[in-house]
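Work out the full structure, taking the sequences as your base and the hints as a guide.
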Amino acid sequence: MFRNNYDNDSVTFSPQGRIFQVEYAAEAVKQGSVVVGIASKTHVVLVAIKRNAEELSSYQKKLFQIDEHVGIAIAGLTSDARVLSNFMKQQCLGHRLTYGRNMPVRSLVDMIGSKAQINTQHYGKRPYGVGLLVAGADENGPHLFEFQPSGMTEEMVAFAIGARSQMARTYLEKNLDAFADCGREELVRHGLKALKESLVQDKELTVENTSVAIVGVAKAKDGTTKMEPFKVFDGQDVNAWIGGAADDKEAAAAEGMDVDDA
Amino acid sequence: MFRNNYDNDSVTFSPQGRIFQVEYAAEAVKQGSVVVGIASKTHVVLVAIKRNAEELSSYQKKLFQIDEHVGIAIAGLTSDARVLSNFMKQQCLGHRLTYGRNMPVRSLVDMIGSKAQINTQHYGKRPYGVGLLVAGADENGPHLFEFQPSGMTEEMVAFAIGARSQMARTYLEKNLDAFADCGREELVRHGLKALKESLVQDKELTVENTSVAIVGVAKAKDGTTKMEPFKVFDGQDVNAWIGGAADDKEAAAAEGMDVDDA
Amino acid sequence: MFRNNYDNDSVTFSPQGRIFQVEYAAEAVKQGSVVVGIASKTHVVLVAIKRNAEELSSYQKKLFQIDEHVGIAIAGLTSDARVLSNFMKQQCLGHRLTYGRNMPVRSLVDMIGSKAQINTQHYGKRPYGVGLLVAGADENGPHLFEFQPSGMTEEMVAFAIGARSQMARTYLEKNLDAFADCGREELVRHGLKALKESLVQDKELTVENTSVAIVGVAKAKDGTTKMEPFKVFDGQDVNAWIGGAADDKEAAAAEGMDVDDA
Amino acid sequence: MFRNNYDNDSVTFSPQGRIFQVEYAAEAVKQGSVVVGIASKTHVVLVAIKRNAEELSSYQKKLFQIDEHVGIAIAGLTSDARVLSNFMKQQCLGHRLTYGRNMPVRSLVDMIGSKAQINTQHYGKRPYGVGLLVAGADENGPHLFEFQPSGMTEEMVAFAIGARSQMARTYLEKNLDAFADCGREELVRHGLKALKESLVQDKELTVENTSVAIVGVAKAKDGTTKMEPFKVFDGQDVNAWIGGAADDKEAAAAEGMDVDDA
Amino acid sequence: MFRNNYDNDSVTFSPQGRIFQVEYAAEAVKQGSVVVGIASKTHVVLVAIKRNAEELSSYQKKLFQIDEHVGIAIAGLTSDARVLSNFMKQQCLGHRLTYGRNMPVRSLVDMIGSKAQINTQHYGKRPYGVGLLVAGADENGPHLFEFQPSGMTEEMVAFAIGARSQMARTYLEKNLDAFADCGREELVRHGLKALKESLVQDKELTVENTSVAIVGVAKAKDGTTKMEPFKVFDGQDVNAWIGGAADDKEAAAAEGMDVDDA
Amino acid sequence: MFRNNYDNDSVTFSPQGRIFQVEYAAEAVKQGSVVVGIASKTHVVLVAIKRNAEELSSYQKKLFQIDEHVGIAIAGLTSDARVLSNFMKQQCLGHRLTYGRNMPVRSLVDMIGSKAQINTQHYGKRPYGVGLLVAGADENGPHLFEFQPSGMTEEMVAFAIGARSQMARTYLEKNLDAFADCGREELVRHGLKALKESLVQDKELTVENTSVAIVGVAKAKDGTTKMEPFKVFDGQDVNAWIGGAADDKEAAAAEGMDVDDA
Amino acid sequence: MFRNNYDNDSVTFSPQGRIFQVEYAAEAVKQGSVVVGIASKTHVVLVAIKRNAEELSSYQKKLFQIDEHVGIAIAGLTSDARVLSNFMKQQCLGHRLTYGRNMPVRSLVDMIGSKAQINTQHYGKRPYGVGLLVAGADENGPHLFEFQPSGMTEEMVAFAIGARSQMARTYLEKNLDAFADCGREELVRHGLKALKESLVQDKELTVENTSVAIVGVAKAKDGTTKMEPFKVFDGQDVNAWIGGAADDKEAAAAEGMDVDDA
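Protein chains in written order, with this note's numbering: chain A, 1 to 262; chain B, 1 to 262; chain C, 1 to 262; chain D, 1 to 262; chain E, 1 to 262; chain F, 1 to 262; chain G, 1 to 262.
Keep in mind that a hint or two might mislead.
Below, a list of computed lysine-lysine pairs in the DSS-like style, where the Cα atoms sit at most 25 Å apart [said to hold, decoys possible]:
no.	chain 1	residue 1	chain 2	residue 2
1	C	Lys50	D	Lys41
2	C	Lys203	D	Lys174
3	G	Lys115	F	Lys115
4	A	Lys30	A	Lys61
5	B	Lys174	A	Lys203
6	D	Lys125	F	Lys231
7	B	Lys61	C	Lys115
8	B	Lys50	C	Lys41
9	D	Lys203	E	Lys174
10	C	Lys41	B	Lys115
11	B	Lys174	A	Lys125
12	E	Lys41	D	Lys61
13	C	Lys115	B	Lys125
14	B	Lys115	A	Lys61
15	E	Lys125	D	Lys115
16	A	Lys89	B	Lys115
Just so you know, the hints here were simulated from the structure itself, not pulled from any lab data. Note that the coordinates shown come from a computational prediction; the quantities given were computed from them, not determined experimentally.
In structure tokens form, the structure reads like this:
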């Protein structure tokens with residue numbers, strides 16, 4: 001309960017040039033359940049652990065589709081995430097109405113970064129208490145971005161945010177070189193392994209508590225490019241991955257796409 | 001009377017990333033009298049205990065109809081509930097005027113969630129000091145949502161909020177698997193049993209202190225679907241349920257609908 | 001002079017979820033002189049004790065007509081009451097201009113409730129420091145509502161607010177069952193008896209310090225319904241009631257209406 | 001220099017439901033020099049003691065004409081009084097332009113009451129630090145109102161505000177019954193006697209330090225009604241009253257009106 | 001360095017009904033160099049001591065022409081004076097453009113009084129830290145007004161504000177009766193004598209540190225009235241007055257006006 | 001680190017009538033490097049020492065041209081100076097566009113004075129932390145003004161502001177009588193001598209650290225008047241003056257003007 | 001954790017005339033990784049060390065292109081840099097649309113300086129917590145500017161900002177005279193050497209952690225001038241420079257320009 005000075009609002013620098021309220025907002029991210037994202041040359045996957053705060057709820061969503069080509073994983077304040085999510089949906093919709101094509105992922109990420117920065121520089125607001133992993137695919141290929149409450153956004157090869165996410169990040173760093181050439185299924189399995197690292201002891205991944213989302217740009221057999229739209233998998237849909245025996249090719253076929261990444 | 005730091009307003013994070021004012025608002029919900037909601041495949045019921053704060057009042061309402069297809073149960077600050085209730089009525093009305101059909105329950109819930117989140121991120125306002133259970137039925141079937149002062153909204157199978165609601169939640173969790181296939185009358189009886197768990201010792205459910213509300217989508221004998229509009233039952237109308245001997249079929253017939261859920 | 005924390009403004013919750021400023025505003029109501037209201041099936045009466053703060057004033061009003069069919073009794077800050085009173089007059093006027101009939105009493109009460117709630121949720125304002133009893137008659141019959149600084153409004157059978165009003169409420173609770181079928185004159189006498197309970201020792205009701213107001217919907221002998229408009233009685237007009245020997249029928253006749261409630 | 005809590009601004013209630021800043025503003029009224037007002041059936045008089053703060057000033061006004069039919073006596077902050085005075089002048093002017101007749105005195109008083117109440121309920125303003133006695137005559141006869149910083153306004157038979165005004169009020173209460181039938185001149189003399197009661201020892205009323213204002217509705221000999229416009233008397237014009245031997249009829253004649261009140 | 005309570009801003013009354021910030025602003029006036037004003041039946045003169053804060057400055061103005069018929073002497077914050085001065089110039093100009101004649105001096109003074117009062121009743125501003133003597137001549141003859149930071153304005157026969165101005169006021173009070181019939185030159189000499197009283201020991205009036213301003217309405221020999229416009233005299237122009245031997249008639253003639261006041 | 005009271009913002013007077021924040025802003029001026037200005041009957045010169053805060057910067061400007069006929073020397077916060085400088089440029093440009101001639105220097109100075117005063121009387125801003133010497137020439141001849149953070153502006157014969165400027169001012173005061181009739185070159189040399197007085201020991205004026213600016217109105221041989229536009233001299237252009245052997249006539253000729261002031 | 005006074009916001013001067021919040025913002029710059037800029041007569045180069053805060057990120061950008069002819073290096077808060085960067089891009093775009101040519105570098109720098117100054121003089125904002133080196137080329141040749149959080153901007157020959165940048169600045173000062181005539185490649189090598197000085201022990205420049213940007217105006221063999229647009233080099237593109245054996249002429253040729261600066 002000790003009161004640190006210079007930490008009352010986000011328009012006050014500490015003598016060391018720090019903005020404590022922004023750092024505290026980052027703590028809110030660490031209290032959300034962990035989410036993991038990994039990008040290969042063709043796909044981005046997001047995997048998340050759904051916290052069973054209330055046994056009575058049908059499900060607690062961690063992964064959200066924003067647009068056909070992009071989605072997010074959230075860690076932190078759910079209500080803040082909804083604000084950003086709605087904002088992103090509007091931006092994507094507006095972009096398509098105006099330009100007739102999907103909004104580039106980087107542009108979208110830049111817009112929420114700028115929006116979030118405002119809350120770190122004006123009195124009477126607070127930073128968003130949520131971190132995001134943004135997974136998308138555009139004409140430049142698949143992208144994975146991290147968004148922080150400070151408004152900072154960075155493109156990542158793989159990343160994890162939320163409670164105990166450091167363990168997941170350690171796994172990701174060890175396997176960093178492998179991701180670029182992973183297939184869709186392999187990526188998911190890497191993600192789930194990373195996710196497992198962050199679980200508290202005796203906890204297991206189950207069809208109830210695990211979510212997976214995939215977006216991709218896959219080269220078809222005839223050489224043309226096909227997008228695999230962002231899709232969230234819950235419940236029995238994640239069973240095969242948790243069981244660990246899915247066949248990449250078959251799974252992809254089930255999505256109606258031929259892949260040659262294996 | 002100890003002054004916690006970082007808890008003066010809802011635009012200040014604590015060093016642990018918490019927003020105390022939002023948590024304190026949640027305490028206001030806990031001081032309201034308990035309300036219980038349960039959803040089956042065909043119906044959602046809300047049951048509430050009416051606190052007799054003033055013997056002289058005609059009645060103190062806990063359940064409110066928002067629109068033909070949706071209603072709420074409230075726990076917390078009644079005045080704040082009215083603001084949200086009025087807002088919801090306007091949204092439903094506006095939606096029907098614009099689109100010619102009932103507003104989907106999830107959309108409605110999302111709107112109050114977003115509205116409430118604003119009060120947790122702007123200086124000079126306070127979070128709403130009220131929790132809601134939103135019961136509705138739309139083309140996707142019946143829905144039960146919880147709304148919290150933080151702006152968080154979650155779809156639930158069954159839930160209870162308000163004073164001593166934990167006991168009701170324990171009952172609900174134990175019987176969770178039974179609800180999906182319950183008939184209309186059975187749901188009400190489950191709700192009343194859960195409600196009883198939260199009563200202080202020596203207190204009984206009576207026609208004076210008990211409210212019930214029901215909304216449903218029932219399959220008629222000819223195979224078509226009929227909506228049972230949201231309706232609140234007070235006083236003698238709840239006598240049969242409290243007495244415990246109502247016959248599902250008869251009761252439903254009294255509502256002018258044939259049901260095949262028994 | 002002890003400074004409670006969390007009680008500086010109405011946008012701060014205490015850790016227990018209370019809004020102290022709203023509770024303090026309720027204390028202002030308790031410092032106003034007592035007013036009593038009772039509703040029967042045909043009438044609502046308001047009775048008030050006029051505090052002789054200044055011997056030199058012509059009179060200090062406690063009962064105010066808002067519209068033909070509705071009036072209020074106030075306890076608390078007179079200046080705040082005027083703001084609400086002016087607001088109510090405008091609403092009633094606007095309603096009649098727009099719809100060609102009297103505003104339903106409940107709608108009117110809802111509007112001041114919503115107006116007052118705003119002052120409990122925005123920084124830089126304070127709650128209204130006044131409580132109201134609203135007495136009115138509309139096509140649904142006579143109504144008595146209580147309005148509190150929190151914005152809460154509740155329909156009551158009978159109620160009293162202001163200094164020492166608990167004694168009056170005790171009287172009202174004891175006689176609660178009798179009110180519904182009371183005649184106009186009997187209601188007034190009940191009100192005055194309740195009022196007397198709240199007087200400090202050695203103080204008596206007099207024509208100088210007592211006000212009475214009546215509004216009603218009375219069934220005439222030919223079976224049609226006639227409204228008795230809201231009217232305030234002061235000075236010699238209250239003499240008969242204080243003396244205690246008024247004859248209901250005569251008094252009603254004096255108002256130009258036949259009543260069959262005796 | 002002790003700091004009371006809850007007394008920093010006018011939007012904070014104390015735990016007892018008091019608004020200290022409004023009470024402090026009332027203290028500013030008590031520091032102004034005393035003014036007295038008395039109403040009879042035909043006239044209202046205001047008398048005031050002019051404080052000789054600066055020997056070098058031509059005169060320090062205490063009584064001000066607002067409109068032909070109404071004027072004020074002030075006690076407290078002169079600058080605040082000017083704001084209210086200008087506001088009242090505009091209201092009267094606007095009323096006459098719109099309706100072609102003088103503004104009713106009560107309406108005028110209600111408007112400054114409402115204007116002043118705003119400053120007791122919004123942050124960033126302060127209550128007006130001035131009290132007024134408003135004397136006017138309209139078709140309902142002569143009126144005397146008191147205005148307080150809280151925005152409260154009350155019609156009075158006779159009243160005094162300002163420094164040591166309690167002594168004047170005691171005089172007024174003793175003679176309260178006499179005022180209604182007093183003639184114009186007699187009223188002034190009562191006012192001056194009350195004023196004298198509030199003077200500090202050894203101080204006398206003189207033509208330099210005494211102001212008198214009169215407004216009236218006088219019945220003429222032929223039975224018609226004539227208004228005596230609000231007029232302020234200073235210097236030698238008040239000599240006769242201070243001397244004490246003025247003849248009512250002569251004085252009235254000097255004003256060009258026949259009066260039958262003697 | 002003791003912190004008085006209730007003195008942080010001008011929207012807070014002390015428990016005694018004082019507004020300390022307004023009183024502190026009056027202290028700023030006392031720190032300006034002294035200015036003196038005297039009015040006769042035909043003229044108003046302003047005399048001022050120019051403080052030689054900086055030897056290098058060409059001159060430091062204390063007297064300013066506002067319009068042909070009016071000017072001011074200032075004591076306090078020069079920058080605040082400029083704001084008021086510019087405001088007055090605009091008002092005078094606007095009045096002449098609208099009405100085709102000079103603005104009455106009292107109207108002008110009322111406007112700055114009202115403008116200044118606003119700063120004593122709204123949060124986020126501060127009172128003007130400057131006092132003014134306003135000297136003007138209109139169809140009602142010559143006028144001298146004092147303006148205070150509180151917004152109070154008062155017409156004076158003679159007055160002095162600024163550092164050590166009490167000594168000058170004592171001189172003025174002693175000679176008060178003489179001023180009304182003084183001629184133009186005699187008035188100036190009285191003003192300079194009063195000014196001398198306020199000088200610190202060993203300091204003398206010189207052509208460098210003395211300013212004189214005169215405005216008047218003089219009766220010409222042929223009986224018509226002529227205005228002597230407001231004019232400031234500095235440097236060698238004040239030599240004759242300081243020397244003490246100026247002849248009224250000659251001086252006036254130099255201004256091109258015949259005067260019969262000697 | 002002792003906290004003075006009453007010094008938190010510029011809308012609070014101290015009990016002595018001081019505005020500490022304005023005084024503190026004046027301290028910022030004293031931390032800027034020294035600048036000197038001197039006016040003669042025909043020219044104004046500004047000389048400045050350029051602080052070598054960073055060896056790596058090309059140059060640090062102290063003198064700025066505002067318009068053809070006017071320029072400034074700054075001491076204090078460079079960023080604040082830019083705001084004022086841009087404002088002045090816009091004013092000059094706007095004046096010429098509107099009136100077809102150069103803005104009078106005094107008008108320009110009045111405008112920045114008024115602009116700066118606003119920041120001393122409104123909450124939420126701070127005074128400008130910069131002092132200016134404004135040198136200009138208009139149809140009334142050459143002018144030198146000082147501008148202070150308080151908004152005060154004063155015309156000067158010669159002045160110096162910034163660090164250790166008191167020593168320069170002492171030199172200027174000693175030579176004050178000589179300046180009026182100085183020629184252009186002589187003025188510069190006086191300025192440089194004054195500047196030298198303010199240098200810390202062992203520091204010398206060099207072509208790297210010295211700036212000179214000149215603006216003038218010179219009478220040509222044929223009797224007509226020619227303006228010498230404001231021009232800043234840096235680097236080798238100031239060598240002759242620092243060396244001390246410049247010939248007035250030659251230098252002027254180099255500027256293309258004949259001067260007869262030698 | 002000691003609380004310095006006067007350092008809560010950027011609208012409060014300390015008694016010494018300092019604005020601590022601006023100084024604290026400058027500390028944020030010192031916590032960014034170091035960037036170096038050097039200008040010759042023909043080129044400006046920026047070199048930066050990319051901090052590997054997260055191993056998993058694809059890259060962390062320090063150098064950004066603003067427009068064809070200008071770019072920036074940043075040190076401090078990345079989110080703040082984005083705001084300024086977006087602003088600069090818009091300005092450049094708007095300038096070209098309006099005037100049909102590139103915005104002069106100094107104008108662009110002035111605009112961000114003015115924009116940043118606002119945040120140091122208005123309550124409720126904070127200074128930008130980022131420093132910039134702006135490198136550009138326009139018709140006046142190549143330019144290097146430093147931008148500070150205070151809004152101060154200065155043209156530099158060479159400079160370094162960020163963590164441990166003092167060591168880099170020392171290198172730059174020692175070699176200051178050499179830069180003007182350096183060729184493009186030589187400039188880069190000087191920049192990298194300066195950068196190395198600021199590295200913590202045992203850390204090396206690598207293709208992963210080093211960024212280089214170049215903009216230039218090069219004279220072609222035929223005597224005409226050609227601009228080398230601002231371009232950022234990362235990864236393998238910087239290998240030659242780090243290896244240290246690049247040939248100026250060849251490298252330039254690779255850019256498609258002939259240079260004669262060797």
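So, going through the hints one by one against the coordinates:
Of the pairs offered as hints, the one joining Lys50 of chain C and Lys41 of chain D holds, with about 24 Å between alpha carbons and a cut-off of 25 Å not exceeded. Our distance criterion of 25 Å between C-alpha atoms is met by Lys203 of chain C and Lys174 of chain D, whose separation comes to about 22 Å. About 18 Å separates the Cα atoms of Lys115 of chain G and Lys115 of chain F, which keeps this hinted pair within 25 Å; it holds. With a C-alpha separation of about 17 Å, the suggested pair Lys30 of chain A and Lys61 of chain A falls inside the 25 Å cut-off, and the hint holds.
For a cut-off of 25 Å, the pair hint linking Lys174 of chain B to Lys203 of chain A stands: about 22 Å separates their Cα positions. For the suggested pair Lys125 of chain D and Lys231 of chain F, the alpha carbons sit about 51 Å apart, so the restraint of at most 25 Å is broken. Straight-line distance between C-alpha atoms of Lys61 of chain B and Lys115 of chain C comes to about 20 Å, which keeps the hinted pair within the 25 Å bound. As the CA atoms of Lys50 of chain B and Lys41 of chain C are separated by approximately 24 Å, the hinted pair is consistent with the 25 Å bound.
A threshold of 25 Å between alpha carbons decides the hint, and for Lys203 of chain D with Lys174 of chain E the separation of about 22 Å falls inside it, so the pair holds. As the CA atoms of Lys41 of chain C and Lys115 of chain B are separated by approximately 41 Å, the hinted pair breaks the 25 Å bound. Annotation: proposed proximity of Lys174 of chain B to Lys125 of chain A is violated, straight-line Cα distance about 42 Å (limit 25 Å). For the hint linking Lys41 of chain E to Lys61 of chain D, the alpha-carbon distance of about 21 Å falls within 25 Å, and the restraint holds.
Note on Lys115 of chain C and Lys125 of chain B: the hinted pairing holds, with a Cα-Cα distance of about 15 Å set against a maximum of 25 Å. Simply put, Lys115 of chain B and Lys61 of chain A have alpha-carbon atoms about 20 Å apart, close enough for the 25 Å limit, and the pair holds. Restraint check for Lys125 of chain E and Lys115 of chain D: satisfied, since their Cα atoms lie roughly 21 Å apart, inside the 25 Å limit. Distance restraint check for Lys89 of chain A and Lys115 of chain B: the Cα-Cα separation of roughly 17 Å lies within the 25 Å cut-off, and the hinted pair is therefore satisfied.
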